[in-house]
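Sequence lines, in order, name chains A and B.
Take 1 as the starting number for the first sequence in the numbering used here and just add one per residue.
Take 1 as the starting number for the second sequence in the numbering used here and just add one per residue.
Hints listed in this document are in silico derivations from the structure and should not be mistaken for laboratory results.
Certain hints may be false.
[Claimed, not checked] Only pairs whose alpha carbons sit at most 25 Å apart, straight line, appear in this in silico SDA-like list of lysine to any residue:
{"hint": "1", "chain 1": "A", "residue 1": "Lys200", "chain 2": "B", "residue 2": "Lys2"}
{"hint": "2", "chain 1": "B", "residue 1": "Lys229", "chain 2": "A", "residue 2": "Lys50"}
{"hint": "3", "chain 1": "A", "residue 1": "Lys158", "chain 2": "B", "residue 2": "Met233"}
{"hint": "4", "chain 1": "A", "residue 1": "Lys70", "chain 2": "B", "residue 2": "Gln245"}
{"hint": "5", "chain 1": "A", "residue 1": "Lys50", "chain 2": "A", "residue 2": "Asp36"}
{"hint": "6", "chain 1": "B", "residue 1": "Lys200", "chain 2": "A", "residue 2": "Gln159"}
{"hint": "7", "chain 1": "A", "residue 1": "Lys200", "chain 2": "B", "residue 2": "Tyr208"}
{"hint": "8", "chain 1": "A", "residue 1": "Lys39", "chain 2": "A", "residue 2": "Leu81"}
{"hint": "9", "chain 1": "B", "residue 1": "Lys70", "chain 2": "A", "residue 2": "Glu253"}
{"hint": "10", "chain 1": "B", "residue 1": "Lys39", "chain 2": "A", "residue 2": "Thr216"}
{"hint": "11", "chain 1": "B", "residue 1": "Lys2", "chain 2": "B", "residue 2": "Lys158"}
{"hint": "12", "chain 1": "A", "residue 1": "Lys249", "chain 2": "B", "residue 2": "Leu240"}
{"hint": "13", "chain 1": "B", "residue 1": "Lys241", "chain 2": "A", "residue 2": "Leu240"}
{"hint": "14", "chain 1": "A", "residue 1": "Lys249", "chain 2": "A", "residue 2": "His232"}
{"hint": "15", "chain 1": "B", "residue 1": "Lys229", "chain 2": "B", "residue 2": "Ser210"}
{"hint": "16", "chain 1": "B", "residue 1": "Lys241", "chain 2": "A", "residue 2": "Gly93"}
{"hint": "17", "chain 1": "A", "residue 1": "Lys229", "chain 2": "B", "residue 2": "Gln136"}
{"hint": "18", "chain 1": "B", "residue 1": "Lys158", "chain 2": "B", "residue 2": "Glu138"}
{"hint": "19", "chain 1": "A", "residue 1": "Lys102", "chain 2": "A", "residue 2": "Phe59"}
{"hint": "20", "chain 1": "A", "residue 1": "Lys241", "chain 2": "B", "residue 2": "Ile227"}
{"hint": "21", "chain 1": "A", "residue 1": "Lys2", "chain 2": "A", "residue 2": "Thr23"}
{"hint": "22", "chain 1": "A", "residue 1": "Lys200", "chain 2": "B", "residue 2": "Asp137"}
{"hint": "23", "chain 1": "A", "residue 1": "Lys241", "chain 2": "B", "residue 2": "Ile231"}
{"hint": "24", "chain 1": "B", "residue 1": "Lys158", "chain 2": "B", "residue 2": "Gln136"}
{"hint": "25", "chain 1": "A", "residue 1": "Lys241", "chain 2": "B", "residue 2": "Lys39"}
{"hint": "26", "chain 1": "B", "residue 1": "Lys158", "chain 2": "A", "residue 2": "Glu253"}
{"hint": "27", "chain 1": "B", "residue 1": "Lys188", "chain 2": "A", "residue 2": "Thr23"}
{"hint": "28", "chain 1": "B", "residue 1": "Lys70", "chain 2": "A", "residue 2": "Arg221"}
{"hint": "29", "chain 1": "B", "residue 1": "Lys48", "chain 2": "B", "residue 2": "Phe59"}
{"hint": "30", "chain 1": "A", "residue 1": "Lys70", "chain 2": "B", "residue 2": "Val220"}
There are 2 protein chains.
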Amino acid sequence: MKSLNIVIAGCGNVAGHFAERFTQHGHQLVQVYHPDNIKASAFAARFKTKCVCNMNEIFAAADVYLIAVKDQAIANIANQLKTEHGIVMHTSGSVEAKVLIKHERYAVFYPLQTFTAGIETSEQEFPLLIECGQKQDESLLTELAASIGLKPFLMNSKQRAEVHLAAVFACNFVNHFIAIAFDLMQSKNYPTNLLMPLIKESIHKLSYISPQQAQTGPAVRHDDLVIEKHIHMLQDDIALKNLYQLITKHIQENQQKD
Amino acid sequence: MKSLNIVIAGCGNVAGHFAERFTQHGHQLVQVYHPDNIKASAFAARFKTKCVCNMNEIFAAADVYLIAVKDQAIANIANQLKTEHGIVMHTSGSVEAKVLIKHERYAVFYPLQTFTAGIETSEQEFPLLIECGQKQDESLLTELAASIGLKPFLMNSKQRAEVHLAAVFACNFVNHFIAIAFDLMQSKNYPTNLLMPLIKESIHKLSYISPQQAQTGPAVRHDDLVIEKHIHMLQDDIALKNLYQLITKHIQENQQKD
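Assemble the whole structure, with the sequences as input and the hints as a guide.
Structure representation (structure tokens):
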């Protein structure tokens with residue numbers, strides 16, 4: 001595709017990830033906006049572009065404006081932004097596209113991925129969920145996503161919210177249960193990395209079988225002796241004990257449904 | 001180390017995994033026992049060894065007897081087993097070593113890993129938790145574990161149970177939350193593999209930062225608007241809605257503890 005002129009608002013992990021992909025794949029990052037001059041300058045230096053801290057100085061003739069900021073800040077930036085004809089888009093899974101509606105051309109460009117400062121993502125290709133205010137922009141943004149090595153999917157705000165909810169279970173909640181497991185190990189002074197081969201293998205399995213088929217453990221075996229022993233071991237942490245019991249019940253009820 | 005003569009009781013995934021490691025690393029699998037002749041024969045053919053279906057025919061002069069069967073069946077097999085001087089050991093995370101106490105030399109040989117029929121484990125080296133009835137057997141079993149490419153750790157039954165509890169959170173519960181996420185995707189006809197890059201990246205991160213540091217999502221951000229939207233989306237599934245609320249609360253409370 002032809003090279004696009006892109007302005008990014010935001011200096012966080014999502015902004016940085018997209019800046020890297022855009023510049024690596026021949027697009028022009030013409031400007032970055034952030035109200036904090038130190039952050040904006042560091043980001044601009046990293047990607048060899050210009051920065052502005054005042055929204056009035058944002059270049060009005062870019063092809064695309066990527067607003068990659070906290071959910072709560074999107075509407076405010078969108079409302080202040082003045083553009084000639086570019087597409088204004090945000091990157092949030094849970095914010096509706098219509099917060100950008102004051103712009104003639106608006107879109108959502110939501111990466112179904114988790115980003116951390118300083119860690120390059122191991123999964124180079126991941127899904128990008130696209131929603132466009134105007135149908136005629138769909139092909140341009142689909143092309144843009146593909147041009148930076150991502151897998152574009154067209155989804156409206158309702159669909160994106162449904163995928164985002166699933167992602168909370170698959171990513172945020174999964175991470176929390178690993179955190180609990182690590183806390184349990186640390187409380188007894190066992191090295192947490194003992195659990196890593198098990199965790200990695202659990203995920204590796206999913207290339208071959210569904211998680212429904214892969215379910216193992218005392219809950220799915222209805223191993224009441226072990227379950228009672230575990231509940232007893234958790235008796236000093238009522239919140240965790242309740243969580244253990246509720247999840248065990250949920251595993252067993254879902255098994256019965258199958 | 002010198003080659004050991006080993007008898008395995010059981011034909012499941014754990015038995016198969018150990019049979020493969022023992023034979024690949026120069027030990028002699030002298031016999032496999034299983035009451036079902038078809039299963040025992042197939043297993044024996046796979047590992048080019050003999051099988052017996054009657055416990056009285058088990059070779060009495062082996063160095064090691066590995067009882068790799070369901071938790072509930074361990075005591076019964078151990079009680080019927082007659083050996084001259086070999087070490088009798090089971091492979092369970094949650095069964096105490098003392099169920100083997102009728103044998104002069106007994107042990108636990110617990111792999112901290114998950115096994116699935118037909119899937120070769122991606123993590124070739126994983127921890128093996130060892131407990132011995134007699135202290136003088138510790139060096140032999142530690143050597144045996146290392147000789148088959150595993151990382152031996154000496155742990156008593158109480159310690160093993162504590163690690164096993166952590167493993168339930170890190171493996172069984174994590175898998176269940178991925179299953180829930182897949183169910184949510186499937187209920188809306190979205191391909192579940194859209195979530196895989198996100199899941200793999202969540203695990204990849206843990207090579208760099210702790211799960212406590214890696215926590216993201218609406219709960220840890222205290223994003224009440226998104227949390228309420230999600231609860232509303234789950235209103236037709238009361239069990240899942242309760243689970244979402246309880247985990248969100250648990251994430252927030254644990255954050256406050258830090």
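Hints and how they fare:
no.	hint	in the structure
1	Lys200(A) to Lys2(B)	violated, 32 Å
2	Lys229(B) to Lys50(A)	violated, 38 Å
3	Lys158(A) to Met233(B)	holds, 10 Å
4	Lys70(A) to Gln245(B)	holds, 23 Å
5	Lys50(A) to Asp36(A)	holds, 14 Å
6	Lys200(B) to Gln159(A)	holds, 22 Å
7	Lys200(A) to Tyr208(B)	holds, 15 Å
8	Lys39(A) to Leu81(A)	holds, 20 Å
9	Lys70(B) to Glu253(A)	holds, 22 Å
10	Lys39(B) to Thr216(A)	holds, 22 Å
11	Lys2(B) to Lys158(B)	violated, 31 Å
12	Lys249(A) to Leu240(B)	holds, 11 Å
13	Lys241(B) to Leu240(A)	holds, 18 Å
14	Lys249(A) to His232(A)	holds, 16 Å
15	Lys229(B) to Ser210(B)	violated, 29 Å
16	Lys241(B) to Gly93(A)	holds, 20 Å
17	Lys229(A) to Gln136(B)	violated, 30 Å
18	Lys158(B) to Glu138(B)	holds, 17 Å
19	Lys102(A) to Phe59(A)	holds, 18 Å
20	Lys241(A) to Ile227(B)	holds, 23 Å
21	Lys2(A) to Thr23(A)	holds, 13 Å
22	Lys200(A) to Asp137(B)	violated, 31 Å
23	Lys241(A) to Ile231(B)	holds, 23 Å
24	Lys158(B) to Gln136(B)	holds, 20 Å
25	Lys241(A) to Lys39(B)	violated, 39 Å
26	Lys158(B) to Glu253(A)	violated, 30 Å
27	Lys188(B) to Thr23(A)	violated, 35 Å
28	Lys70(B) to Arg221(A)	holds, 10 Å
29	Lys48(B) to Phe59(B)	holds, 16 Å
30	Lys70(A) to Val220(B)	holds, 13 Å
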